[in-house]
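Q: Residue numbers (my numbering), protein chains in the order written: chain H, 49 to 365; chain A, 49 to 365.
No wet-lab data here; the hints were simulated from the structure.
Honestly, I wouldn't trust all of these hints.
Note: identical chains are not told apart, hence a pair may lie in one copy or across any two.
Dumping the calculated DSBU-like pairs for lysine-lysine here, alpha-carbon to alpha-carbon at most 35 Å [as the list claims (entries may be wrong)]:
hint	residue 1	residue 2
1	K333	K195
2	K319	K96
3	K319	K145
4	K102	K319
5	K102	K145
6	K333	K268
7	K333	K102
8	K195	K268
9	K319	K333
10	K145	K96
11	K333	K96
Protein chains: 2
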Amino acid sequence: MNNLIAIDIGGTAYRVGLFDAQGRRLLLFENPTLRSGGRQWMLEQLEKQCRALKQNSDSPIQACGVSFGGPVNFGLQQVTSIHVPGWENFALASWVKETLGVPCLLDNDANAGALGEYHYGAGRGTQSLFYVTLSTGIGGGLISGGKLLRGRDSLAGEIGHLVMTDAGVTCSCGARGCLETLSSASAIARTAQEWAERRPEAVTRMVELSGGSAEGLTAKAVAQAALEGDMPAARIIRDAGRWLGRALLTVIRIVNPDKIVLGGGLAQAGKLLLEPIHEVLEELKSPALHATTEVVPGELGTYSALYGAVTLALEAA
Amino acid sequence: MNNLIAIDIGGTAYRVGLFDAQGRRLLLFENPTLRSGGRQWMLEQLEKQCRALKQNSDSPIQACGVSFGGPVNFGLQQVTSIHVPGWENFALASWVKETLGVPCLLDNDANAGALGEYHYGAGRGTQSLFYVTLSTGIGGGLISGGKLLRGRDSLAGEIGHLVMTDAGVTCSCGARGCLETLSSASAIARTAQEWAERRPEAVTRMVELSGGSAEGLTAKAVAQAALEGDMPAARIIRDAGRWLGRALLTVIRIVNPDKIVLGGGLAQAGKLLLEPIHEVLEELKSPALHATTEVVPGELGTYSALYGAVTLALEAA
Chain H
49 MNNLIAIDIG
59 GTAYRVGLFD
69 AQGRRLLLFE
79 NPTLRSGGRQ
89 WMLEQLEKQC
99 RALKQNSDSP
109 IQACGVSFGG
119 PVNFGLQQVT
129 SIHVPGWENF
139 ALASWVKETL
149 GVPCLLDNDA
159 NAGALGEYHY
169 GAGRGTQSLF
179 YVTLSTGIGG
189 GLISGGKLLR
199 GRDSLAGEIG
209 HLVMTDAGVT
219 CSCGARGCLE
229 TLSSASAIAR
239 TAQEWAERRP
249 EAVTRMVELS
259 GGSAEGLTAK
269 AVAQAALEGD
279 MPAARIIRDA
289 GRWLGRALLT
299 VIRIVNPDKI
309 VLGGGLAQAG
319 KLLLEPIHEV
329 LEELKSPALH
339 ATTEVVPGEL
349 GTYSALYGAV
359 TLALEAA
Chain A
49 MNNLIAIDIG
59 GTAYRVGLFD
69 AQGRRLLLFE
79 NPTLRSGGRQ
89 WMLEQLEKQC
99 RALKQNSDSP
109 IQACGVSFGG
119 PVNFGLQQVT
129 SIHVPGWENF
139 ALASWVKETL
149 GVPCLLDNDA
159 NAGALGEYHY
169 GAGRGTQSLF
179 YVTLSTGIGG
189 GLISGGKLLR
199 GRDSLAGEIG
209 HLVMTDAGVT
219 CSCGARGCLE
229 TLSSASAIAR
239 TAQEWAERRP
249 EAVTRMVELS
259 GGSAEGLTAK
269 AVAQAALEGD
279 MPAARIIRDA
289 GRWLGRALLT
299 VIRIVNPDKI
309 VLGGGLAQAG
319 KLLLEPIHEV
329 LEELKSPALH
339 ATTEVVPGEL
349 GTYSALYGAV
359 TLALEAA
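Let's have the full structure, built from the sequences with the hints guiding it.
A: Given below as structure tokens:
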């Protein structure tokens, strides 16, 4: 079998990689996403980099897989993003087919991440896996018996929109109290900004790490401060982790997978998140229902979705 | 193909039926369960009735399927019930094999109910289905792509033990705030009994329908009173239905099945439960995630698990 191209389009960075049929990475381009560039800019970069990979490939390109960081209609193979201008209803897989002349399969980053960790990462050897991508938003992908369970409306795995509390703020999806408003990177940044307004003295270190302005507070800075032992920062991350733990208990009760794998940028917080998750799972456990589902960090770091795109390419081939 | 025997062992009633390979019911015994009789009594009844079915069958019995109203270890084909004395770790499938001389497959009533509705009831023609059995307790079974998703510890579908509230009472499973403590028949009876203590004048009609004593208040009487327009009874059922609606939203977000099918004795309350469920699903919906999962009553009434046992027999054959 020939080589494959895998593409991962995210809001912060995008990646274009050349892989062999065994999933070994041969070449990789990784660059920040220029948000203001919109779709047109992104397509130009992809085209340029795919052509470069093609030229440098020792054998022909057989197929391409694409992960998109936003809603995708898998049946229509279209992006359905309503957040990013220019992408709405764009037939991205067809564009790849026409541009590269190879078959292509497209899915969202949560499903791609699930496929990546299942085949090449923390999920190897499992029968079932629930992957959670913790980033600006929160998504999820469910694999059972080696197959993605997409659901009636391609909405299976939407753990970010579990309603966790009546007292919650409004979510990007329009509902209130979603997990995404409590445990995502944007929720952590927002909480830190709320602290900055009420108790500016508590966020000194977080603000320093965010470049000096309270408006620019990021989840990354909060996590960094927490790692250094800053108490208010640790408290913010812990609360986010505890809500996440409650949501994961729900996944355990409903699908009882072999593993729950945490990926996405925020999962880099590691122990800071895993400790409150395990704390909650212990507090809320049912003595009569001994579920042995493990909660583990992904093994592919920020490349889960890219490796998932390799799986999509193999399926398209 | 020859005929099949299906057995459904419940806490209130048990059923033993003769079916043909197309799932048509040929003969049925249906009797109340003598709880004080324990395992020994039940096995004697089953043996007697299975022999009677065998004698009356126009063709040989090919296989048997059994649904048990309590936890089952599917891998070991054993009952793991800790609630009913005498059943713990009993190898029920082996007993059937030895007694009837045919292969046998055993599962719990929630999984059996899911199989029954999927193949013979409200789930016909769907790809995926989540079945909820509403009875003394609350169980669930998940079917995707025609197969039961049992999970790592045979605990998938345990919707009765979703933790819904921090303020909840202790559940039979040992945890607190489970859905089962809010929406099951025993929860409804318990709530009515609490009303009886605090406001005896409010439960007059419910007590009448329960045979005159507040201690004997049953969910059936509460549902009956609610159907007659009794306001306190309607309020109790509505609250149970609203909690159930929240739990079903969770199922929709995690697995987005084609249908959620409600079965079990309490599902006979019909509209009384479906209205508050749909009310909550409407209140908590995400404008950006338009899940079209339908919530419907089962079509097999109290026979969902029995028909599931037919499916288990077909699998065992």
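Q: Does each hint hold? Answer for all of them.
A: So, going through the hints one by one against the coordinates:
1. K333 to K195: both (28 Å within a copy, 28 Å between copies)
2. K319 to K96: neither (39 Å within a copy, 59 Å between copies)
3. K319 to K145: Close neither inside one copy (42 Å) nor across copies (50 Å); limit 35 Å.
4. K102 to K319: neither (40 Å within a copy, 61 Å between copies)
5. K102 to K145: within (14 Å within a copy, 62 Å between copies)
6. K333 to K268: The answer is both: 31 Å in one copy and 31 Å across copies each meet 35 Å.
7. K333 to K102: The answer is neither: 52 Å in one copy and 45 Å across copies each exceed 35 Å.
8. K195 to K268: So K195 and K268 pass the 35 Å test inside one copy only (33 Å; across, 42 Å).
9. K319 to K333: This pair counts as both: shortest intra-copy Cα distance 20 Å, inter-copy 33 Å.
10. K145 to K96: within (15 Å within a copy, 67 Å between copies)
11. K333 to K96: Answer is neither; intra-copy 52 Å and inter-copy 42 Å both fail.
Consistency note: the structure conflicts with the earlier hints numbered 2, 3, 4, 7 and 11.
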